[in-house]
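Chains as they are written, first to last, in numbering that gives the first Met the number 0: chain G, 0 to 169; chain D, 0 to 169; chain B, 0 to 169.
It should be emphasised that the hints constitute simulated quantities derived from the structure, not laboratory data. Be a bit skeptical, because a hint or two may be false.
No distinction is drawn between identical chains; accordingly, a pair holds when it is met within one copy or between any pair of copies.
[Said to hold, decoys possible] Distance condition first, Cα-Cα at most 20 angstroms in a straight line; then the derived SDA-like pairs of lysine to any residue:
| # | residue 1 | residue 2 |
| --- | --- | --- |
| 1 | Lys169 | Asp54 |
| 2 | Lys28 | Leu58 |
| 3 | Lys167 | Ala132 |
| 4 | Lys134 | Ala46 |
| 5 | Lys134 | Asp155 |
| 6 | Lys134 | Leu86 |
| 7 | Lys96 | Asp39 |
| 8 | Lys114 | Asp43 |
| 9 | Lys167 | Glu156 |
| 10 | Lys167 | Gln148 |
| 11 | Lys47 | Met135 |
| 12 | Lys28 | Leu168 |
| 13 | Lys169 | Tyr16 |
| 14 | Lys76 | Asp104 |
| 15 | Lys96 | Ser77 |
| 16 | Lys114 | Glu156 |
| 17 | Lys169 | Leu20 |
| 18 | Lys134 | Thr24 |
| 19 | Lys76 | Leu110 |
No experiment lies behind these values; they were computed from the predicted model shown.
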Amino acid sequence: MTAVLVLGGARSGKSQYSERLVAETGRRKVYLATSEIWDDEMADRVAKHRIQRGDDWDLIEEPLDLTGVLEKHCDAKSSILVDCLTLWLTNLMMAEKDVNEASADVVSSLLRLPKEAHVCFVSNEVGQGIVPADKMSRDFRDHAGRLHQSLAAVCDEVWFVTAGLPQKLK
Amino acid sequence: MTAVLVLGGARSGKSQYSERLVAETGRRKVYLATSEIWDDEMADRVAKHRIQRGDDWDLIEEPLDLTGVLEKHCDAKSSILVDCLTLWLTNLMMAEKDVNEASADVVSSLLRLPKEAHVCFVSNEVGQGIVPADKMSRDFRDHAGRLHQSLAAVCDEVWFVTAGLPQKLK
Amino acid sequence: MTAVLVLGGARSGKSQYSERLVAETGRRKVYLATSEIWDDEMADRVAKHRIQRGDDWDLIEEPLDLTGVLEKHCDAKSSILVDCLTLWLTNLMMAEKDVNEASADVVSSLLRLPKEAHVCFVSNEVGQGIVPADKMSRDFRDHAGRLHQSLAAVCDEVWFVTAGLPQKLK
Chain G
0 MTAVLVLGGA RSGKSQYSER LVAETGRRKV YLATSEIWDD EMADRVAKHR IQRGDDWDLI
60 EEPLDLTGVL EKHCDAKSSI LVDCLTLWLT NLMMAEKDVN EASADVVSSL LRLPKEAHVC
120 FVSNEVGQGI VPADKMSRDF RDHAGRLHQS LAAVCDEVWF VTAGLPQKLK
Chain D
0 MTAVLVLGGA RSGKSQYSER LVAETGRRKV YLATSEIWDD EMADRVAKHR IQRGDDWDLI
60 EEPLDLTGVL EKHCDAKSSI LVDCLTLWLT NLMMAEKDVN EASADVVSSL LRLPKEAHVC
120 FVSNEVGQGI VPADKMSRDF RDHAGRLHQS LAAVCDEVWF VTAGLPQKLK
Chain B
0 MTAVLVLGGA RSGKSQYSER LVAETGRRKV YLATSEIWDD EMADRVAKHR IQRGDDWDLI
60 EEPLDLTGVL EKHCDAKSSI LVDCLTLWLT NLMMAEKDVN EASADVVSSL LRLPKEAHVC
120 FVSNEVGQGI VPADKMSRDF RDHAGRLHQS LAAVCDEVWF VTAGLPQKLK
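Given these sequences and hints, build the entire structure.
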């Protein structure tokens, strides 16, 4: 298994950079969208992302069972782009799942994937602003920070994108 | 045209670093302040910045028409410090201007500047905290992220300043 | 005096990285906790940190008088981990102290420490999100940014930790 983690702030260009990394593998491009469409604003964001990345992607939509999708679709011919982990964490919290358990599951399932698998995770850096006033936001950024740490530890490469410019952290 | 983009968080030292970059050109130093003074707190911040950078700067105050100022004042003898883009975006939003159009205008006008021009843009990184609850703040950080990406693509150098320490991103 | 500053967002792994830096000195490990326990959430965080770092640390709890503790406990045999500066700033603000004065005091007392002293400061990056709506949060991030800048200027090393991965800024 080869895994890459691409972090960045809002509108940092992290998705486009990840799409480029996946395209450069020369494999079948699989886009795993974790977004659930709650409102018009979200629908608009999703539509814009779709136009931006082009038509030559296979689309899988899965808001919760990331482990299941990875185990089913990872193979030597595909590269899977998981976009994005922070939305997935939001979905887990909204569905009142055990987020720590689900996060640990993803990390351990990653290590069980076939050697030829290729996965690229996109996620938002959300922990570099002021401490949020509400408990749910604080929990959310704790979950995100913990997941980023444990994923980064097992990923082959970790990138941080700012203003469209990638920095290699690992 | 030589253009530099200096990004950083609040009180990161990005303005001081930009002032140093402009001073090092040995050119006439022009300070383009985009701030509009809404209240005492803002007046206080502006006054402190003024004292910090010293008296040997020509000052231009322009909250909206960035393109016009750049076209009028850029020449082979001056270096213009635009401080800062995030305030300029705020001004555009308050004045209900088309922010995407204005951002695209700045980028394209930059490419039309004379070869000898030297411009340094300062801007706040605002997209690495929790997703803001209100739509206007989300729009704002989307505008900032998009502008940073498109400017970074045409700038010769991009820096990120943390705790007064510059990192070169490009 | 050897001083190190370790910055990072929430749950970035900055504390663990700092603990490693202190352990690598081979000196007596002193943990200076600045946290005041306001509620159960804070108590929980503190307890988790304690378990994580293990039992072989001497613990000093001091919410306000950082300068006093550094002057008293720094010696050639110890390495002191100050965790963390952002909580210390919060305590100063809650106690209505002069934060600028206290910050300047810490920096200047650091320069007066014996040559053999070893100190590692941990602090949160809080200035890379949207501008906070409330004045107290804006003041807080201004204080944090200013303190980080002035400390970074006198520290021997400055690190920024993201997803558990340290980047050397200085």
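Status of each hint after checking the structure:
In the homo-oligomer, the alpha carbons of Lys169 and Asp54 never lie at most 20 angstroms apart, since the shortest distance is 31 angstroms inside one protomer and 31 angstroms across protomers. In this assembly of identical chains, Lys28 and Leu58 lie within 20 angstroms of each other by CA distance solely inside one copy; the values are 9 angstroms within and 52 angstroms between copies. Proximity of Lys167 and Ala132 under a CA criterion of 20 angstroms is satisfied in neither setting, with 32 angstroms inside one chain copy and 31 angstroms between copies. With identical chains, the CA atoms of Lys134 and Ala46 are at most 20 angstroms apart between copies only, with a shortest distance of 18 angstroms across copies and 31 angstroms within one.
Taking identical chains as interchangeable, the C-alpha atoms of Lys134 and Asp155 are never at most 20 angstroms apart, the minima being 33 angstroms within one chain and 36 angstroms between chains. Taking identical chains as interchangeable, the C-alpha atoms of Lys134 and Leu86 lie at most 20 angstroms apart whether they share a chain (18 angstroms) or sit on different chains (17 angstroms). For the homomeric pair Lys96 and Asp39, neither the shortest alpha-carbon distance inside one copy (25 angstroms) nor that between copies (22 angstroms) is at most 20 angstroms. In this assembly of identical chains, Lys114 and Asp43 lie within 20 angstroms of each other by CA distance neither inside one copy nor across copies; the values are 37 angstroms within and 39 angstroms between.
Taking the shortest alpha-carbon separations for Lys167 and Glu156, both the intra-copy value of 8 angstroms and the inter-copy value of 18 angstroms come in at or below 20 angstroms. Taking the shortest Cα distances, Lys167 and Gln148 sit within 20 angstroms of each other both inside one copy (15 angstroms) and across copies (18 angstroms). Within a single copy, Lys47 and Met135 get their C-alpha atoms only as close as 28 angstroms, which misses the 20 angstroms cut-off; across copies the closest is 19 angstroms, which meets it. Neither within a single protomer nor between protomers do Lys28 and Leu168 lie at most 20 angstroms apart by alpha-carbon distance, with minima of 24 angstroms and 28 angstroms respectively.
For a Cα distance limit of 20 angstroms, the shortest separation of Lys169 from Tyr16 qualifies both inside one copy, at 16 angstroms, and across copies, at 15 angstroms. In this assembly of identical chains, the alpha carbons of Lys76 and Asp104 never lie at most 20 angstroms apart, being 24 angstroms within a copy and 43 angstroms across copies at closest. Taking the shortest alpha-carbon separations for Lys96 and Ser77, neither the intra-copy value of 29 angstroms nor the inter-copy value of 44 angstroms comes in at or below 20 angstroms. Taking the shortest alpha-carbon separations for Lys114 and Glu156, only the intra-copy value of 16 angstroms comes in at or below 20 angstroms, while the best inter-copy value is 39 angstroms.
Taking the shortest alpha-carbon separations for Lys169 and Leu20, both the intra-copy value of 15 angstroms and the inter-copy value of 19 angstroms come in at or below 20 angstroms. Taking the shortest alpha-carbon separations for Lys134 and Thr24, neither the intra-copy value of 41 angstroms nor the inter-copy value of 37 angstroms comes in at or below 20 angstroms. Taking the closest pair of Cα atoms, Lys76 and Leu110 come within 20 angstroms of each other only inside a single copy of the chain (18 angstroms); across copies the shortest separation is 42 angstroms, beyond that limit.
In summary, the structure is inconsistent with hints 1, 3, 5, 7, 8, 12, 14, 15, 18 from the numbered list given earlier, while agreeing with the others.
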